[in-house]
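So the sequences go chain by chain: A and B.
Per numbering that gives the first Met the number 0, the very first residue in the first sequence carries number 0; after that it's consecutive.
Per numbering that gives the first Met the number 0, the very first residue in the second sequence carries number 0; after that it's consecutive.
No lab work stands behind these hints: they were computed from the structure.
Because the structure is a prediction, the values reported are computed rather than measured.
C-beta: ideal position from N, C-alpha, C; glycine also.
There's no promise every hint is true.
As the list claims (entries may be wrong) - Straight-line C-alpha distance at most 25 Å; calculated SDA-like pairs for lysine to any residue:
1. Lys135/A <-> Cys548/B
2. Lys639/B <-> Pro205/A
3. Lys123/A <-> His105/B
4. Lys639/B <-> His198/A
5. Lys38/A <-> Val585/B
6. Lys38/A <-> Cys548/B
7. Lys635/B <-> Gly59/A
8. Lys123/A <-> Lys82/B
9. Lys129/A <-> Lys637/B
10. Lys635/B <-> Leu258/A
11. Lys574/B <-> Glu134/A
12. Lys637/B <-> Trp117/A
13. Lys203/A <-> Trp627/B
14. Lys135/A <-> Cys359/B
15. Lys116/A <-> His105/B
16. Lys639/B <-> Ile81/A
17. Lys635/B <-> Leu261/A
18. Lys38/A <-> Asn568/B
19. Lys641/B <-> Ser216/A
20. Lys369/B <-> Cys359/B
21. Lys109/B <-> Asn131/B
22. Lys116/A <-> Gly615/B
As the list claims (entries may be wrong) - Example chain A residues on the side facing chain B (calculated, C-beta under 8 Å, incomplete):
23. Thr36
24. Ile37
25. Pro158
26. Val192
27. Thr197
28. Pro201
29. Glu219
30. Tyr222
31. Pro225
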Amino acid sequence: MNNSEKNRYVERFDAFSRLLHILVIISFLLLAITGMTIKFSDVWLFQFLSSLLGGYTVTGYIHRFAAIITFVYFFAHIYYLIRKKRRERLKIKDILSGENSLVPNKQDFKDFVHTMKWFFGVGKRPDYGKWTYWEKFDYFAVFWGVLVIGSSGLILWFPEFFTELGLPGSFINIATIIHSDEALLATGFIFSVHFFNTHFRPDKFPMDPVIFTGRVSVEEMKYDRPREYEMMEKSGELQNKLIEAPSPALLKVARAFGLTALTTGLIIVVMIIYTMIFVYQ
Amino acid sequence: MNKLYILLSLVFSVQLMGQSNEDCLACHLDNTLTSVRNNRNISLFVNERQFSNSVHGELDCVDCHQDFDPEDLPHLDGENIYKVDCSLCHDEVFEKYQRSLHGIAHENGKFLAPECFTCHSKHNIQSSSDDNSRTHKMNIPSLCGECHKDGTPVSTLQSVSQRHILEDYSESIHGEGLLKRGLIVTAVCTDCHDTHNILPHESPESSINRTNIPKTCMQCHRQIEKVHTKVIRGEMWENQPHVIPVCVDCHQPHKVRRVFYQEDFPNNACMECHSDPDIHKVVDGEKVSLFVDPSELENSVHKDNNCVKCHTNVTKRNSPVCLNSGIVDCTMCHVEAGEQYELSHHAKIRLIGNEDAPTCTGCHDEHLIKGKSDPQSPIYVRNIPDLCGKCHQEGHVATVHYEGEQHQIIKNYKMSLHGKGLIESGLLVTATCVSCHTNHRELPATDPLSSIHKDKIAETCGTCHQGIYNEFQSSIHSQSVSNSDEKLPTCNDCHLPHSVSNVDQADFRQKILFQCGKCHEELTHSYFDTFHGKVSNLGAAQTAKCHDCHGAHNILPPSNIASTLNRENVVETCKTCHPNSNRKFVGYLTHATHHDRDKYPYLYYTFWFMTILLVGTFSFFGLHTLLWLPRAFSEKRKHKRKNTDE
């Protein structure tokens, strides 16, 4: 049975979501690298990085190019949600609540409390569902981040336009602070908290390739997200959703890309920490 | 004349009674009347007509011939007749005579020495204004010549060094004027030597003493400075004859001509010896060449000057004539340059024994002196950096003892905007070493007299950059506007000396931030907190630097209506980079900092909100991760055991 469960896979992310995450990774890394060179422009390490990339002008173009990708995936995702609602004839209520919804609910609060109990050794590991509370936080963090960093970024990109519309000049300064610090929060959060919660935690280390393969083994699901497994088993959905195991080639590519991205992110976060500790003190 | 009558009336009161001129002439009209004195027969005849026509014609004989007894014949004072004492009336003139060369010689019993009558005669004394008078100007040379012409006993005296005096004079420009042209205003013997007060030229009071000669000549040549402008410079000629050549150095006495020396010391006489390449002298056991390349002289700006015009101490008394003539003093003619050089650092260090410091010839060469407009000349504008570089190039003599901050100056200059203009573009109006340091009076920047002293630099640069200088003078950085005790910047604080670069160059644009930052520390910090500063850190040269907004030389506080940052001008100023600049856009705080709550509260609170959000999120999830980690490990171990169990 174990063997069969190990080789039985279900789809966790559809092709569009996988593509979307690849776009997020690429654009986010580019934005983080090029953005940090300006934020920490007085630090030799980032000055060196900037010259390595071709200087301020080149990184400026890269940053704007990656910003365009960000706006594209942001609206593509909105479009995806609308299409999904129509195609699957979902109601708003289904999207905003229920077991498969990404919107935090009462169950997440319970899960959080159970998790705390587990952390402090007064309970067993909670039976997590399809989306854990920290995964939901990640999802909305991107929403929040794109909105805040994106809008402040647009002000910085087109300051003459926005001031022509009546925005006071000092708002450009405020936009700079928001853009810069929110970006520091986002990069710091993704490259440490998200990396640990999703990839570096002992049971997934060094990475979880599911975001690229889209498939998770029934065995893993049964251990990792028992509530989801139980519900799928009960409803008989599991049998319908069974899918082939990911090909070794796909796994290889997924690992290579994933580990590259993770390493890049880690390097950036190490550089930031180095700067905070040794340069800014 | 009044004085004379008073004297006469005095004389009458004590005069011999009853002795009239008729009484005297009763005997003395006899032209055979003679007497013997010093074994010589002398005539005692008095020409009545001549006497009555003389200036003394109104006087009685006894007015001059006193103290004798007319009844006692022959009236002799011992062996001699009673002397006539001219000083009875002419006391002032006589005093002068007594002090004079002639008077002293007479006092010492020198029989050749002239007395009053030698020149003025005895009974036939005529006014010097009388054409027939021996002392009339026209007759002076022949009068003096009676004794001083060649062949007379006087001319053989050792103490009289001048020879052919009368011949030379008659050929001189003065003599020619007098004798050939009848020019009564020309100089005769007495004009230079004085009439009665004739003194040897060694005497400091002598009219022909070296120090008095200019004064003497200038009695007539009042406007001499007009034609000797370079030598005289105002009153130097008169007041400082010891530092410049005096008249007789060029215009020899008695034979004054326009060009006297050519006759005496022609160049070919000098070159007879000095064109020999082997000619040398030995100084302290070392050979010193005395060779003069004739072609050098021919190509020199001094080619029309005779050797002796510069080598002034050449004299026929020496053999060879140039023996120990010493070094040439260029300041004889180039007075102004000499004065400037005397003040220079070069002159000062030479004075304390630094032989490396240049004198005139160090830069101008010796015999091959070329004008500054000659491209072959070392002082031609394009050759100046190399000329100064002979000593000031890194590692050369001038840099050995130098302790200042300027290094590689020649190399840096050649790379600089000025140097490239000169060398690459051949721009002759560009600044070279001497444009800033002056050509003769260079001084270290620490010297308040220096052209590159911090108080003078703007003015020095302003000689070429007049427009910028005017702008700068009305800017806040000008002492006249700021009136500040603090150090104000001047040209070289931003435009590095020697390596002055083009202000459009990236290097300059980046460095200016730190130049301004030396004084405007806080503003520079806040500049680097904002976008312009941050990308400048990454080498973005085109991004706005201090002077792009504040102006460079015309910098003024924004409150000033002329400031580039004044409310009236700021939108335009931003437009140079941001074409769509507008009133609200210029509200961007280019020096904002989020650390100042009072000045920028919005920025301050936004920053703290963001920081709290950041710290909060990281604290929460950091803790979450830390708690998770040990649980996750034990869970994994449990899971593994379960798997192996199965």
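For Lys116/A and Gly615/B, compute the direct alpha-carbon distance and say whether it is at most 25 Å.
holds, 22 Å
Does the alpha-carbon distance linking Lys116/A and His105/B stay inside the 25 Å limit?
violated, 143 Å
Taking only the CA atoms, is the gap from Lys639/B to Pro205/A under or equal to 25 Å?
OK: Lys639/B and Pro205/A at ~17 Å, within 25 Å.
Are the Cα atoms of Lys135/A and Cys359/B separated by 25 Å or less?
violated, 90 Å
Hint status (Cβ of Val192/A to nearest Cβ of chain B, threshold 8 Å):
Result: holds, 4 Å to nearest chain B Cβ.
Holds or violated: the hint that Glu219/A contacts chain B, with Cβ atoms closer than 8 Å.
violated, 11 Å
Quickly compare the C-alpha distance for Lys635/B and Leu261/A to 25 Å and report which way the hint goes.
At roughly 22 Å apart (the allowed maximum being 25 Å), Leu261/A and Lys635/B satisfy the hint.
Tell me if the interface restraint on Thr197/A is satisfied: Cβ within less than 8 Å of some Cβ in chain B.
With Cβ-Cβ at 12 Å, over 8 Å, it is violated.
Pair hint Lys38/A and Asn568/B, alpha-carbon separation not exceeding 25 Å
violated, 31 Å
Take a quick look at whether Lys109/B and Asn131/B sit within 25 Å of each other, Cα to Cα.
violated, 29 Å
Taking the closest Cβ pair, is Thr36/A under 8 Å from chain B?
This hint holds: Thr36/A lies near chain B, its Cβ roughly 6 Å from the closest one there, short of 8 Å.
Next pair to validate is Lys635/B with Leu258/A; report whether the Cα-Cα distance is within 25 Å.
holds, 22 Å
Of the numbered hints given earlier, the model fails hints 1, 3, 7, 8, 11, 14, 15, 16, 18, 21, 27, 29 and 31; all others are met.
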